[in-house]
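These protein sequence lines map, in sequence, to chains A and B. Start counting the first sequence at 1; every next residue gets the next number (the numbering used here). Start counting the second sequence at 1001; every next residue gets the next number (the numbering used here).
The set of hints was computed from the structure by calculation and includes no laboratory data. No experiment lies behind these values; they were computed from the predicted model shown. A hint or two may mislead.
Stated by the list, open to error - DEER-style ranges, computed between Cβ atoms:
#1 Ser60/A / His1010/B: 45 to 51 Å
#2 Met1001/B / Ile232/A: 33 to 39 Å
#3 Ile232/A / Pro1100/B: 26 to 32 Å
#4 Met1001/B / Pro85/A: 24 to 30 Å
#5 Thr137/A / Lys1008/B: 44 to 50 Å
#6 Gly1073/B / Leu288/A: 57 to 63 Å
#7 Pro85/A / Pro1100/B: 29 to 35 Å
#8 Tyr313/A / Gly1161/B: 52 to 58 Å
#9 Thr137/A / Ile1130/B: 43 to 49 Å
Quick reminder that beta carbons are idealized off the backbone N, C-alpha and C, glycines included.
Letter by letter, the chains look like this.
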Amino acid sequence: MSNNNFNLPDYDIAASTRIRLARNLSGIPFPSKMSPDLLEDLKQRVKSAISDSNTPFAKSLKFIDMKDVPKIELGAMVERHIISPEFASKPEGRAIILSNDESISIMIGEEDHIRIQVILSGFQLEKAYDIAERIDTLLCDKLSFAFDNELGFLTECPTNLGTGLRASVMLHLPLCESSGEIKELRENINKIGFTVRGIYGEGTNSAASLYQISNQITLGISEKNAIDNLKIIASGLIEKERTLRSSLDITKASDTVFRALGTLKGCRILNSGEMMSLLSMIKLGVSLGIIKTEIDAFNILIENQKYMLMRKYGEISPDERDIKRADAIREVFKEICI
Amino acid sequence: MLCEKCGKNHATTHIKSVVNGVVREINLCGICAAEQGLGGFAQTGLAGMLASMLGDVAATGLSDGKRRCTVCGSAFSDIATTGKVGCAECYNTFKSELLPYLKRVHGATTHSGKIPNRAPLAVIPEEDSIDNLKLELNRLVSEEKYEQAAVIRDKIRKLEGEKNEQ
Ligand SMILES: [Zn+2]
Ligand SMILES: [Zn+2]
């Protein structure tokens, strides 16, 4: 999987693209006001809408009732960005429909009745939207969606009303961050109706210099315009990051990158925060051509999160986890020579 | 700085947003921010802003407190305190209260974008409809959009079935 990702558009900086469509059925309350019976009925209705469509696509999806999913796997699904933390925190009455490669997930009974999500690696907004839109059309044909001619698709939170579309791009911006420019970029982007937030971490900086840029406005703007605007903003950030990278002192950069690699090759105890900042350096080093490898730092980062490790090694303590993580990471990087 | 919502805890979440040239900054503690859905996945500055704005309307008594949605039973004050709407029908029931705030949040109040295709089948004369759908089917097949084509094919079968029953 890591090998072909490197050919994806802008994968040196754009880790992934996400499209989410919020949809609700008419005539029933939104999920937070639904009884367990109504939620059960909702799950079955969405499940049959997909299976009755009788398409090859529908056959490739699996239905998972969240109450059957063990707690560790719930956490691991959040780490793989398949479901939201909120969705995992209350599995009763909820279900997902998931594609084999986990790029498509349909959450049932989250904040809205249906949330169609498509995640692709790299910078692929149109392709991700096209997939989500096809699923929407398929569901729309079988279910009666709550839609108002004036307000568009109706959602529990008025901030999602209209298109119900949230489009996001996750960018790796270590130099925008270290130069301090991210703060001003963030403020400017907020002013035009988009958000920038650091993922994996509290506060202004992100543990792995990963930032998610998303549209905020969903009413009065078409899906195409919202996506085009996000594309322009994300491309601007990608260009900015590349410009900063091009003026790096290559000796200093190599020093930082190889020190990070040295730590990853030698560590015996590694917590998640340190892993993320080191992998961020590796990703930068690979993009700059300092390190030649097919190891995909973005994937390694996800595979060695807390629940992903417990999924492999069982319910282990935080200390044991840091040891297992160090072992796994050393194994990954042992083939690269310094 | 104290949380604007509960006034008790230290504010740790600061959300700044500018829509239509109006700057709003809200400062919330972790608990209140999480309550407004700001702690998770779908983090948006607007959700918190909306709840605080709607709270203002409820406080001024502009909305008739007795009116309730016939589907979910929500009063406008329920929507104002949570920032969440009870059901689709609430948007109809409380449209006049919600519109000014939708305008401030989104800068617009009229949907522009995808429209689900449900009503038209009843409006278009049946014969035309089947013919049009067949054209559409051919187009989709030629473009190799088989999933969409299958949907149209099912529609045609359904319509033809109804026709034969008459
Ligand atoms: Zn508070
Ligand atoms: Zn209602």
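A quick look at each hint next to the structure:
For Ser60/A and His1010/B, the Cβ-Cβ distance of about 49 Å falls inside the hinted range of 45 to 51 Å, so the restraint holds. One distance hint, 33 to 39 Å for the beta-carbon pair Met1001/B and Ile232/A, holds here, with the actual separation near 35 Å. For the pair Ile232/A and Pro1100/B, the beta carbons lie near 30 Å from each other, so the given range of 26 to 32 Å is met. A hinted range of 24 to 30 Å for the beta carbons of Met1001/B and Pro85/A is consistent with their spacing of about 26 Å.
Hint check: Thr137/A to Lys1008/B, Cβ distance near 48 Å, so the stated range 44 to 50 Å holds. Between Gly1073/B and Leu288/A the CB atoms are about 59 Å apart, so this pair conforms to the stated range of 57 to 63 Å. Checked against the hint of 29 to 35 Å, the C-beta distance between Pro85/A and Pro1100/B comes to roughly 32 Å, which is consistent with it. Checked against the given bound of 52 to 58 Å, the beta carbons of Tyr313/A and Gly1161/B, roughly 56 Å apart, stay inside it.
Our hint of 43 to 49 Å for Thr137/A and Ile1130/B is violated, since their Cβ atoms are close to 20 Å apart.
Of the numbered hints listed earlier, the single one contradicted by the structure is hint 9.
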